[in-house]
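> Please take these sequences and the hints and turn them into a complete structure.
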Amino acid sequence: DAGITQSPRHKVTETGTPVTLRCHQTENHRYMYWYRQDPGHGLRLIHYSYGVKDTDKGEVSDGYSVSRSKTEDFLLTLESATSSQTSVYFCAISGRTGGESYNEQFFGPGTRLTVL
Amino acid sequence: GQQLNQSPQSMFIQEGEDVSMNCTSSSIFNTWLWYKQDPGEGPVLLIALYKAGELTSNGRLTAQFGITRKDSFLNISASIPSDVGIYFCAGDTGNQFYFGTGTSLTVIP
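Just so you know, the protein sequences line up as chains A and B, in that order. Per our numbering, the very first residue in the first sequence carries number 439; after that it's consecutive. Per our numbering, the very first residue in the second sequence carries number 51; after that it's consecutive.
No lab work stands behind these hints: they were computed from the structure. Note that beta-carbon positions come from the ideal geometry of N, C-alpha and C, so glycine has one too. There are no misleading hints in this set.
Not the full set, but computed from the structure, chain A residues with beta-carbon under 7 Å of chain B:
{"id": "1", "residue": "Gly480"}
{"id": "2", "residue": "Asn541"}
{"id": "3", "residue": "Pro547"}
No farther apart than 30 Å at their CA atoms in a straight line, the calculated lysine-lysine pairs in the DSSO-like style are these:
{"id": "4", "chain 1": "B", "residue 1": "Lys101", "chain 2": "A", "residue 2": "Lys495"}
{"id": "5", "chain 1": "B", "residue 1": "Lys120", "chain 2": "A", "residue 2": "Lys495"}
{"id": "6", "chain 1": "A", "residue 1": "Lys495", "chain 2": "A", "residue 2": "Lys508"}
Heads up, incomplete: computed chain A residues facing chain B, CB under 10 Å, no partners named:
{"id": "7", "residue": "Gln444"}
{"id": "8", "residue": "Arg482"}
{"id": "9", "residue": "Gly496"}
{"id": "10", "residue": "Glu542"}
{"id": "11", "residue": "Phe544"}
{"id": "12", "residue": "Arg550"}
The following block contains the structure:
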């Protein structure tokens, strides 16, 4: 495995509350991504980072913000959670410098978020 | 967003049979990746392809990068019960990854 952890693994929260999900990698990959996975939609990109403090929006970024203050950590924040944000969230990494797997993307174990 | 067309959506096969699935796109990709996802877990990378025409194997799995760079296929030979899961493709344009919607594989013992 590529050394990716996500926390928490499960969370139940109420509508309107802020939520922060954490992704941590130990492989020194340059790029980090947040996806959500929903039935019928597959994996959809929320935000991604191409370096410390460098982030950009993905396909479904509304209602989400991210931060990357260190190479190894990428945080996803739901400022005010809504029921439509109930989903499974996956962190992914790519861009391992000096290796053959630069263009390969590896996924974390996921966080199941339920917004009541 | 861009979508990859993956087929079939689901397959029910007998143990020991071979399996074939494919992905097509309207765009050219630099890299094709194939993943397997088990329930409650993250996708696991099976095979990565980097060059048009490339054919790569990983045990009983074989995948090919299409000559046009717009398609890829994955074959599983002599299926076993633990092959059950959802398989999906991904393509990399150099700027972003795009994913297929998955093929659900059921292996009947």
